[in-house]
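Just so you know, the sequences run in chain order W and X. Count along the first sequence from 1, add 111, and you get the number used in our numbering. Count along the second sequence from 1, add 111, and you get the number used in our numbering.
Check each hint, because a few of them may be wrong.
No copy labels: a pair is met if it fits in one copy or bridges any two.
Heads up, simulated BS3-like pairs for lysine-lysine below, C-alpha to C-alpha not over 27 Å straight-line [to be verified]:
1. 236 - 211
2. 271 - 311
3. 286 - 236
4. 236 - 187
5. 221 - 268
6. 211 - 268
Just so you know, the hints here were simulated from the structure itself, not pulled from any lab data.
2 protein chains.
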Amino acid sequence: MSFSLSESPNILLKIEYEGTDFVGWQRQADGPSIQSMIEDVLEYILERRVVLYASGRTDSGVHARSQYAMFRATSKYEPERWARMLNHKLPPTIRILYSKEMPSEFHAQKHVISKTYEYRVLNRKCASALDRGVHFYPGELDWQKIRESLPYFVGEKDFKAFQGAKSVVKTSVRKITRFDLTQLSSELFVFEVEGNGFLKQMVRNMVGTVLEIGEGRMLPSAIEGIIASRDRRRAGRTAPPRGLYLAEVVYPERYGLN
Amino acid sequence: MSFSLSESPNILLKIEYEGTDFVGWQRQADGPSIQSMIEDVLEYILERRVVLYASGRTDSGVHARSQYAMFRATSKYEPERWARMLNHKLPPTIRILYSKEMPSEFHAQKHVISKTYEYRVLNRKCASALDRGVHFYPGELDWQKIRESLPYFVGEKDFKAFQGAKSVVKTSVRKITRFDLTQLSSELFVFEVEGNGFLKQMVRNMVGTVLEIGEGRMLPSAIEGIIASRDRRRAGRTAPPRGLYLAEVVYPERYGLN
Numbered sequence: 112m113s114f115s116l117s118e119s120p121n122i123l124l125k126i127e128y129e130g131t132d133f134v135g136w137q138r139q140a141d142g143p144s145i146q147s148m149i150e151d152v153l154e155y156i157l158e159r160r161v162v163l164y165a166s167g168r169t170d171s172g173v174h175a176r177s178q179y180a181m182f183r184a185t186s187k188y189e190p191e192r193w194a195r196m197l198n199h200k201l202p203p204t205i206r207i208l209y210s211k212e213m214p215s216e217f218h219a220q221k222h223v224i225s226k227t228y229e230y231r232v233l234n235r236k237c238a239s240a241l242d243r244g245v246h247f248y249p250g251e252l253d254w255q256k257i258r259e260s261l262p263y264f265v266g267e268k269d270f271k272a273f274q275g276a277k278s279v280v281k282t283s284v285r286k287i288t289r290f291d292l293t294q295l296s297s298e299l300f301v302f303e304v305e306g307n308g309f310l311k312q313m314v315r316n317m318v319g320t321v322l323e324i325g326e327g328r329m330l331p332s333a334i335e336g337i338i339a340s341r342d343r344r345r346a347g348r349t350a351p352p353r354g355l356y357l358a359e360v361v362y363p364e365r366y367g368l369n
Numbered sequence: 112m113s114f115s116l117s118e119s120p121n122i123l124l125k126i127e128y129e130g131t132d133f134v135g136w137q138r139q140a141d142g143p144s145i146q147s148m149i150e151d152v153l154e155y156i157l158e159r160r161v162v163l164y165a166s167g168r169t170d171s172g173v174h175a176r177s178q179y180a181m182f183r184a185t186s187k188y189e190p191e192r193w194a195r196m197l198n199h200k201l202p203p204t205i206r207i208l209y210s211k212e213m214p215s216e217f218h219a220q221k222h223v224i225s226k227t228y229e230y231r232v233l234n235r236k237c238a239s240a241l242d243r244g245v246h247f248y249p250g251e252l253d254w255q256k257i258r259e260s261l262p263y264f265v266g267e268k269d270f271k272a273f274q275g276a277k278s279v280v281k282t283s284v285r286k287i288t289r290f291d292l293t294q295l296s297s298e299l300f301v302f303e304v305e306g307n308g309f310l311k312q313m314v315r316n317m318v319g320t321v322l323e324i325g326e327g328r329m330l331p332s333a334i335e336g337i338i339a340s341r342d343r344r345r346a347g348r349t350a351p352p353r354g355l356y357l358a359e360v361v362y363p364e365r366y367g368l369n
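Excised from the complex, chain W in its bound form (with noise of 0.2 Å):
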């Protein structure tokens, strides 16, 4: 007796990951990824290749501290021995959070209904010895006109303006529902931003572009204009992953997760 794939328990893993030494996460040619990492392991235990699938990609150098990912397999173990079983032989910066088996239909991609990233920003003289997850600029930044910009960006609209290139999507309008900033210390400064999808880049184009606002290159108001525009040339530069994290994905409330 044989099990078709479809009839094999569906295997949820939480998963928290510094980007830093990773391709991002999709398995790719030119490197390690947080995906082929994870799924090297999965072979390894259970003796055969199976397939992941997270609730998006993220990109090189960016960190996560809640990705989703599944993979179907039936073995002898129980669900919730998998987070222990990958920790065992994955690298420190990746980690299995907990893993559970969940029904049948559950689907870690298109079951997203929002997620939330973060974007930190060390804002003083000199890079952080501390603190590897964020983006360090030196230079003098008006932080309330950055506050100022965050409201334009929310609601449901066109981003094309903030997509990165050669990205093929179906529509680029998304619904962002908060763009909040707080301020958690005297120098460290914190975004975070929800919305129910996510163009390629185009978080790190958005803070890229009001940290131009900061620096006095825009006015607050700019971006209304530079979304309306849909044009990539007219927004700011893109921010470096190594400040962006993957910080929350919601799921329907009756899978339990949230």
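Starting from the known structure of chain W, fit chain X onto it as the hints suggest.
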């Protein structure tokens, strides 16, 4: 014409470091120390040996948000330039936050009024992929009991029971002015302890002991008897260095450092 050493400008460095890869502050034969890394760059720049005097030592693996160290050197450089010159040659886990000239009589160790240490505990099932500077504690802890134990440490007391082995100091009496616990998230807890001075491994022994109280091995009030006993064997284990930070050093107000 030549300058005597005492006439050379007194240069103070404010230093931040991630201690993971170092044998501690002090120069030692068995590996790279923060002191040796900085002294070696100073020697490279000045083409002669200089000695750094810190506010005090930190143990192997311990971090600092705010360490101070001074050296005397006559050079062609403005005092403020040392920070940039040193950072250019130092590893990214050691950063000079600033450099400045101090009055000739100022001494980085002798003029210390108080120090604050921070100890971070990650209390959850799984280690952190993102934060190397925490003590990962997977077991259950009664944080309310831990909180109740802290006031017993405050005051001028003989902390012999919390002194590391092979320590030679005149007196083990120290004054603790504050021992606080803050919960930063559902899983991250931070101790802050302020005092006029600390014995070898004193903070790590204090934290190790209150964690045993959180495990239910002792009552919070047991601290009184442990201190009175002056017996190291009565106190708890030594918490690991990776959660410990030298967080603040206070000097007399006239020096304008705080």
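Reference check for the pair residue 236 and residue 211, CA-CA at most 27 Å: within, between, both, or neither?
For residue 236 and residue 211, the Cα distance is within 27 Å only across copies (15 Å; inside one copy 45 Å).
Pop the pair residue 271 and residue 311 into one bin, within, between, both or neither, using alpha-carbon distances up to 27 Å.
within (10 Å within a copy, 59 Å between copies)
Should residue 286 paired with residue 236 be assigned to within, between, both, or neither, using CA atoms and 27 Å as the limit?
For residue 286 and residue 236, the Cα distance exceeds 27 Å both inside one copy (36 Å) and across copies (35 Å).
I want to check one pair: residue 221 and residue 268. Are their C-alpha atoms no more than 27 Å apart within a copy, between two copies, both, or neither?
Within one copy, since 21 Å is at most 27 Å while 61 Å is not.
Within, between, both or neither, where residue 211 and residue 268 count as close if Cα-Cα is 27 Å or less:
neither (36 Å within a copy, 51 Å between copies)
Using 27 Å as the alpha-carbon threshold, which applies to residue 236 and residue 187: within, between, both, or neither?
Intra 55 Å, inter 23 Å, cutoff 27 Å: inter-copy only.
Checked against the numbered hints given earlier, this structure breaks hints 3 and 6; the rest are met.
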